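Trainee: Each chain is listed here by its residues.
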Amino acid sequence: TVNCSSCTHMRLRLPIACIALEVILIILFGVAVEYDHDVSGEAGHKTNTTHHDYENEFYYRYPSFQDVHVMIFIGFGFLMTFLQRYGFSSVGFNFLIAAFSLQLATLVQGFLHTIMTGGKIHVGVESMINADFCTGSVLISFGAVLGKTSPVQMLTMAVFEVILFSVNEFILLSLLNAKDAGGSMTIHTFGAYFGLMVTRVLYRPNLDKSNKKNSSVYHSDIFAMIGTLYLWMFWPSFNSAITLHGDIQHRTALNTYYSLAACTLSTYAFSALLNHEGKLDMVHIQNAALAGGVALGTAAEMMITPFGSMIVGFLAGAISVLGYRFITPFLESKLKIQDTCGVHNLHGMPGILGAIVGAITSLAATKEHYGNGLTAVFPKITSDFPASAQAGMQAISLVVTLGIALIGGIIVGFILKLPIYGAPSDSQCFEDGVYWEVYLPNAYCIEL
Amino acid sequence: TVNCSSCTHMRLRLPIACIALEVILIILFGVAVEYDHDVSGEAGHKTNTTHHDYENEFYYRYPSFQDVHVMIFIGFGFLMTFLQRYGFSSVGFNFLIAAFSLQLATLVQGFLHTIMTGGKIHVGVESMINADFCTGSVLISFGAVLGKTSPVQMLTMAVFEVILFSVNEFILLSLLNAKDAGGSMTIHTFGAYFGLMVTRVLYRPNLDKSNKKNSSVYHSDIFAMIGTLYLWMFWPSFNSAITLHGDIQHRTALNTYYSLAACTLSTYAFSALLNHEGKLDMVHIQNAALAGGVALGTAAEMMITPFGSMIVGFLAGAISVLGYRFITPFLESKLKIQDTCGVHNLHGMPGILGAIVGAITSLAATKEHYGNGLTAVFPKITSDFPASAQAGMQAISLVVTLGIALIGGIIVGFILKLPIYGAPSDSQCFEDGVYWEVYLPNAYCIEL
Amino acid sequence: TVNCSSCTHMRLRLPIACIALEVILIILFGVAVEYDHDVSGEAGHKTNTTHHDYENEFYYRYPSFQDVHVMIFIGFGFLMTFLQRYGFSSVGFNFLIAAFSLQLATLVQGFLHTIMTGGKIHVGVESMINADFCTGSVLISFGAVLGKTSPVQMLTMAVFEVILFSVNEFILLSLLNAKDAGGSMTIHTFGAYFGLMVTRVLYRPNLDKSNKKNSSVYHSDIFAMIGTLYLWMFWPSFNSAITLHGDIQHRTALNTYYSLAACTLSTYAFSALLNHEGKLDMVHIQNAALAGGVALGTAAEMMITPFGSMIVGFLAGAISVLGYRFITPFLESKLKIQDTCGVHNLHGMPGILGAIVGAITSLAATKEHYGNGLTAVFPKITSDFPASAQAGMQAISLVVTLGIALIGGIIVGFILKLPIYGAPSDSQCFEDGVYWEVYLPNAYCIEL
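Chains as they are written, first to last, in this note's numbering: chain A, 1 to 448; chain B, 1 to 448; chain C, 1 to 448.
Bear in mind the hints are in silico, worked out from the structure with no lab data behind them. These figures come from a predicted structure and were not determined experimentally. Check the hints yourself; a few may be wrong.
One copy or any two copies: either way a pair holds, since identical chains are not told apart in the list.
[Unchecked claim] Keeping only pairs whose Cα atoms sit at most 16 Å apart, straight-line, the calculated EDC-like set for lysine to aspartate or glutamate is:
no.: 1; residue 1: LYS336; residue 2: GLU437
no.: 2; residue 1: LYS120; residue 2: ASP36
no.: 3; residue 1: LYS120; residue 2: GLU332
no.: 4; residue 1: LYS279; residue 2: GLU437
no.: 5; residue 1: LYS279; residue 2: GLU431
no.: 6; residue 1: LYS213; residue 2: GLU431
Could you build the full structure based on these sequences and the hints that come with them?
Mentor: Quick look at the structure:
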């Protein structure tokens, strides 16, 4: 019975997948990876030995890295625990997929980078942040299919998505010279539309929602708020984690902070406004209040000002709540897109908004606004390559991202439809007991 | 029925309040705010362009800021989830009020600062920390009225409290030249007594406590411990977030760390001692163990030594537990002050203790103890302005703070008594279902 | 009845223990402790006054310290909340014991250090980290006896364990010149085997496990995941918190990060493989996924490469899961060692593995691999003291650690067996209600 193709048995599938993937990763790391120069220190790689310790990249970026790390494992993991009987899977599969993706991302991103620079793949705190960013995109897609997939299916999705993410990121940042430090396009737009296409292909027409398993209970909503708040608090670190040192990193964090604050007020306003009794909906608070961070993922390092940031944040919150109220039901009933966490509202639309805001803000990339700092933010802008050309590249980048995400998502969706992954049946969806030992003698039946 | 003046309907009230406030904030930010010089970088504001990136204020303060941010949103938010049926409101309204208050505080604090310096309001990591500090004070007052107010009422309170907080802070720090880096006076004493006066004016004689809603259940107490521990761990960052660089910041964190450790042992000791069966009370552990941080809010940057810090922490824990056991019931029965979270015990009395400790410690502000560092900690102390004068200013500052908090709280209390905010009736207090969509099919009735 | 020797009454015992210990600590701090030179600043201790603020040790280590602090209080505390009726005690006694241990550790570690250097005990961010490390070891032992001891018993254990830990640490690091920055030996091996011996001596033959209290419920497992994830995310900070500045700290964090990622995949693989239905077990995920951090506690600062780190992490995860499945039942049934949290699997075996990996990696401590950085990592290695001698010292250190832990644990176990601590009876084990006021009107009986 272990060899059944349709059952959910994981005793061989999951160990084989995990061990095979990890062994391949270890071999590739052994062959292709070496320490970055300020990781190996005086071991021969360093050309300039007069650097002081405090100039080591570690001190500029490690606190930001840890904030991003918390967003990936606690933020995404707990945000998805809102489902009443799917807490183990939400936080546990988030953990597994993230631990895998960050290793693969290091290799794929590093490989593409070495195409430009030659040599081995260098790792250090910057590669750690970039790998976590790619992982974030995979977890966004995970949110779209949450509750309807097996862990092996998710690992398989991660393999393909990490590769496609890295290719798209390479095209945007290295070939098109787009700016996207916080990943409005590369992370959020890509992850959301990729995931939406996967869940479209995996559409389950008979997924009975009347059994209420696809909803929250009281305590699970409070667990989810742990995820929300960590994402909200640390989003300034996320957007600024990989920007240039000094005033740019400072400015990026500051702009994001204002965008999120304005977004929160907008979220509460529209959540109450759209409810007949004027009651707030936890789903909106948990998700839409974060849209301000997504929507500033491209522009936060630019001179958008707190004023501009707050306008963007306010719009993002409104769009996101409206999405949960009107667009998610439409997607499900008309387009057959079952978006468990509503990633279209938190990452999809706000990601596109962020790309547009980034393109528009690029138009103001002049000496007047940036002074000598212009080259730091926009290294390509010269008299031959004006701000309008940069804005055009930003717009093209959005189109490329959507194209790769949509087409890639459909193809990977069909790969994931193969009956070999031990996916749950419709009645087993949103149910921890399928893949986990669950001990719930009496409380279990009571909480339903 | 939406226009009823006494019902709790929020469909128009909350959106109008949130949108109006946010639009006003955005306009004022557009008019009056600009980036600080190490946020805008080389964009014309910088006078000295030879600074290295690692000298940017961001690297000195951003990790501390993030710790403070976690205290505000996770710490205060989860600390208040101890109520059995008020978790959504505790963490959710904490989120709303904080996101609003930090924006308004930036403007009001910045406006008062520009009175001294002229020009526009400058924002950067220092303004972010100061705004979070002011927000903390508002959340302390929120703790006093928790469960008995509507979100619009809380936003209204925040408007007034942010202004009064900033005026008091300006008087203390800029006019009286008091030292209060961790806010024993400006944040804790002010927030506690302001909130106690508000809840006094909003006194509900018939608030039935026999229904037990104003108490905890098993899981809600564990959620609250998340808040407690984050506040406890990060209090050294809180007290040191805005002190001068280098040894002063180092010393402030260290002193606070020892005070909290001693306070914890004192809390456990007195909690067991005051219970007939010698059993520990979660309310004490969740709150009193933090009093050591409050009580060192003024003196932590001074040469109080670990020895002195531990004595203060030990006393603060004892006072706080005794307050929960004897003073809170007295306040409620005799003075008609219904203090939901016991902020008088965690912030009120320990805040006053902290102010007194700060004044006494200032008396030892001599060259003998501080060496050349004296001017850094006490810039006003000279041969004409001896340490005793500084101590006098510290004592006057406590009196001013209590005066503004008590009078301000009474006035704002009466403003909040107007029947326009959709406040809950007595039977609706401590109940999430009034303002939130709550899905609790069966478990709901079981957990009561 | 308060004076009964066998009852669990804490009304006098706990206050007397806490107050007496804290008063002794305060007196000793007053007599023997002073600020480190970059804490007191210009107050006369400083020899070189030209240092810039950013060179203050605070900025190199405080973010790491805060990560370690979170691991101690949230990480260990919540990891142990998996027990269904022991959440208050897990997180609450963890809090008490940690707050006590870090104070005592500062004194004992500082005293041993002054034997080498003379003068008073100096405190600063480095002493804070070292004290938290010692505390971690005590909390590991706490995990072995969790649910079967009184708080006074735990405080007593902490007194002895802090002293023995510090003596062992002193022998290893100062006398044997071993390297063990992340404490594979000093923290994990020591804490685990010490705790296992204590629980062996305290063996309860009639501890009825059929009542299921020694297991989890649904929500308690999700609470425990908070602890797991914070430990997992911040382990790179733990291992690197006290290493030398610059590339070494950078490398240590990076190696640990890869070890943990590989360990996670290994944990999921073996957890599914060892279950008849292929279902994952939360106990494995919560614990074994962390073994990769333990196993790199010695070698992470060395040139082990990401490749080597991942192999070690993979092995550690496998060993740990196998331990939970096969060795823990064996220890309990054959050796009468009741290891509540399975610390043998998370800290014991992975700690020994880490010590061995450290010894082997030391063999490659050559100029070829380390360049000029060799002396920074291995200050003792010269032509007279080759890498093989260093490896020998590492191996001897493991033997010394095991010896002190095993003998010390047995002796302390017998001390803790005295009938004076108010230990719970067998039927009271794993039960919060013995030492805490618990309000659980109906939900209590339902969740069993």
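Trainee: For each hint, tell me whether it holds in the structure or not.
Mentor: How the hints compare with the structure:
no.: 1; hint: LYS336 <-> GLU437; verdict: neither (32 Å within a copy, 27 Å between copies)
no.: 2; hint: LYS120 <-> ASP36; verdict: within (10 Å within a copy, 41 Å between copies)
no.: 3; hint: LYS120 <-> GLU332; verdict: neither (46 Å within a copy, 49 Å between copies)
no.: 4; hint: LYS279 <-> GLU437; verdict: between (37 Å within a copy, 6 Å between copies)
no.: 5; hint: LYS279 <-> GLU431; verdict: between (28 Å within a copy, 13 Å between copies)
no.: 6; hint: LYS213 <-> GLU431; verdict: within (8 Å within a copy, 24 Å between copies)
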